[in-house]
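*Asks:* Below are the chains, spelled out letter by letter.
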Amino acid sequence: MKKSVLLGALTIAGLAAGAAAAGTLDDVKARGTLNCGVTTGLVGFAAPNADGEWNGFDVAVCRAVAAAVLGDATAVEFVPTTGKTRFTALASGEIDMLARNTTWTFSRDVDLKFTFVGINYYDGQGFMVPKSLGVTSAKELDGATVCIQTGTTTELNLADFFRANNISYEPVPIETNAEGQQQYLAGACDTYTTDASGLAATRASFENPSDHVLLPEIISKEPLGPLVRHGDDEWGDVVRWTLNALITAEELGVTSANVSEMATGSNNPEVKRLLGTEGTLGEMLGLDADWAMRAIASQGNYGEIFAKNIGEDTPIALSRGLNAQWTNGGLIYSPPFR
Amino acid sequence: MTIMTDPPRESFRLSMLLNDTRYRSITFQAIALLALIVAIAYLANNLFTNLAAQGLNISYGFLGDPAGYDINQRLIEYDSQSSNARAALVGILNTLLVAFLACIMATVFGVIAGVLRLSNNWLVSKLMSFYVEIFRNIPVLIWIIIIFTIMTAVMPAPRAFRGDEPEATMLLGAFAFTNRGIYIPAPIWGPGSMVVVATFIASVVGVFAYRRYAKNLLYQTGRLLPMGWPSLAIFFVPTIVMFFIMGRPIGLDIPELGGFNFRGGIQIGAPLIALWFALSIYTGAFIAENVRAGIQAVSKGQTEAASALGLHPGRVMNLVVLPQALRVIIPPLISHYLNITKNSSLAIAVGYADITATLGGITLNQTGRAIECVLLLMLFYLVISLSISAIMNVYNKTVTLKER
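Residue numbers (the UniProt record's numbering), protein chains in the order written: chain A, 1 to 338; chain P, 1 to 404.
Extracted from the complex, chain A is given alone in its bound form (with noise of 0.2 Å):
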């Protein structure tokens, strides 16, 4: 099954010679939608509602981008993918973009060619247990058996955790979030290890979420954000500056309720280069001067995106922590619009 997928994932690049080498914006603007991988469903993150519309945290970046360049944050065509597909399908030019809580490393960047626009969320490992198990701290869980996600770098720091504190473990690989919370939900796995965020995530979706708890230990440093392919920066500007200017956004107290406001009203420069109703930032990236005010319109800024999927105010009950802009201490900090 899965190799068929890599299999055609190969051949398609192979057949799809020009496609990789165009610029990626004008395909995106010629087919008229943007293809954004995604989660195969995380709730917060990115999970199609009852209706079948995708939402979530890292389906606004795709939305945010494909309202800056097409106009239209509905113009997005979701594609689902796994810890497993997820490169193959960003390297082979089926996606356009990956917004799927991926962890930003050094071999993912130099060695499989992939460039990340930026951290949309600083994350870390943790670990949830049941209650009912009695565990207090991830140390304890000598011999215990852990549910992991394969082809995801929580695999590897979970064998070098084990491994730096000289205790034992029996991993379980799952393929999916859903897989791994009916493994765990059913006893076949002790403990579910995951980013903290995902855990909290899946945790929301449990019928009783307060019979299993996250251990205190954040393991490793997993910031996530979205990524493109090498070699095409103009496309890779697109995304990244999308990005900064949500988070632009929120620091300059720009909102989707004020925005069309700010635009004249405001007397800041950097709010008016970011609205363009001052400079010529859209031209430079190639789009019109209003690409920044649509996607900031149709998704709010990092702080509106964040309190609506995943804030404390939501079943996942995040709070900003290292997630706060910088000005209130966090770590999210965008490169000045000049």
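Rather than coming from a laboratory, the hints here were simulated on the basis of the structure.
Computed from a predicted structure; not experimentally measured.
Careful: at least some of the hints might be erroneous.
Claimed, not checked - Distance ranges between label pairs, derived from CB positions:
#  : chain 1 : residue 1 : chain 2 : residue 2 : range
1  : P       : V108      : A       : N208      : 42 to 52 Å
2  : A       : K131      : P       : A293      : 53 to 63 Å
3  : A       : E140      : P       : S231      : 54 to 64 Å
4  : P       : P156      : A       : I218      : 24 to 34 Å
5  : A       : D313      : P       : V108      : 53 to 63 Å
6  : P       : P191      : A       : L322      : 18 to 28 Å
7  : P       : I31       : A       : G23       : 38 to 48 Å
8  : A       : E140      : P       : V108      : 43 to 53 Å
9  : A       : G23       : P       : F100      : 47 to 57 Å
10 : A       : E140      : P       : F244      : 22 to 32 Å
Yeah, the Cβ is synthetic: ideal placement off N, Cα and C, and Gly gets one too.
With chain A's structure known, arrange chain P on it following the hints.
*Replies:* What follows is chain P alone, placed relative to chain A:
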């Protein structure tokens, strides 16, 4: 009277390549071959150009690098610092293990179901045709997932065995059936245990020698020696005696609940069981049909003739029908064995670490060397399939009808 003369030999003309039937087929074959070579060369060139454009190259250097991940089911020593090549080897052994187990079990299921389907008992034959139709017509991936899900949902978790009044108990105090797998006692080989093993092997040889001797005696003198109980005695008694003489050198390591899981003993993981069982029961349904076809291919006259000679039904089957049925059964059986081996690549659906899951899954993903890994995988499955085919063909030669 006319004199026949050979027509004058025409010299070869280019148009004859198309017009002359002697050359035409060769011409077309040559053209087709050329087109194929051009197409393959185009695709390969395209691939390499694109790889070069993306700054990628084909390199197998990653095989020597540490894999970095752990594998739950392994037949050889392996940890996360072992190389990718060793991870692939673990996967290869796991594939071979499950394929081997499933081939044996599928054959057993298939032969039983195939023979019983021809039973005169209405209920038995209908039950068997029900089995064949149900299992043959639902994809094997679905069976793998169904069986695995049932196992994890129905069997108790190891923690159910804990406490003073546990919800689950071990069978005979030595076998634990959990949703993570089955734990069975493992033998501990103490000093002197090899003598016991050697005795056991010697008694197995002894059983065969005795039966051969008894057979020869029967043919030469007509004296019938008892076969059943002496064979059993030769098989068991010397080994048991030697076991006590050597002071019981072989002990049992009984699995015990420790920490989160059972420790000690041998663990047969749930993914292996689910995959093994699903592959056997699915392919068994196909083999059952082969067996039935093979038996029905033997003319009824053979059975009647054998009965007329006074052979009882068991011997008719063993000595007359089955040897003739085998030559019909074996060739399709080869392809079912190949199918089992290839279908075992669905292992990743239940987290079993076969070659597709290690080399073609995790290694591919962590290194990003998709083309290299897929080429290796293709090579592996090709080699394995051709080997199985070769071995089975040799066996087929020995059972084909000897025509003299």
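*Asks:* Take a look at whether the Cβ-Cβ distance between A/G23 and P/F100 falls inside 47 to 57 Å.
*Replies:* holds (53 Å)
*Asks:* Holds or violated: 22 to 32 Å for the Cβ distance of A/E140 and P/F244?
*Replies:* violated (45 Å)
*Asks:* Is it true that the C-beta distance of P/P191 to A/L322 lies inside 18 to 28 Å, as the hint says?
*Replies:* Hint violated: Cβ distance 60 Å, outside 18 to 28 Å.
*Asks:* Is it true that the C-beta distance of P/V108 to A/N208 lies inside 42 to 52 Å, as the hint says?
*Replies:* Given range 42 to 52 Å: holds, Cβ gap about 45 Å.
*Asks:* Verify the CB-CB distance for A/E140 and P/S231 against the hinted window 54 to 64 Å.
*Replies:* Roughly 55 Å apart at Cβ, these two residues keep to the hinted range, so it holds.
*Asks:* Holds or violated: the 53 to 63 Å window for the beta-carbon distance between A/D313 and P/V108?
*Replies:* 60 Å Cβ-Cβ, so the 53 to 63 Å window holds.
*Asks:* Range hint 38 to 48 Å: satisfied by the CB atoms of P/I31 and A/G23?
*Replies:* holds (40 Å)
*Asks:* Is it true that the C-beta distance of A/K131 to P/A293 lies inside 53 to 63 Å, as the hint says?
*Replies:* holds (58 Å)
*Asks:* Just to be sure I understand the hint, the distance between the Cβ atoms of P/P156 and A/I218 should be within 24 to 34 Å; is that true here?
*Replies:* holds (32 Å)
*Asks:* Verify the CB-CB distance for A/E140 and P/V108 against the hinted window 43 to 53 Å.
*Replies:* Given range 43 to 53 Å: holds, Cβ gap about 45 Å.
Hint violations for this structure: numbers 6 and 10, all remaining hints satisfied.
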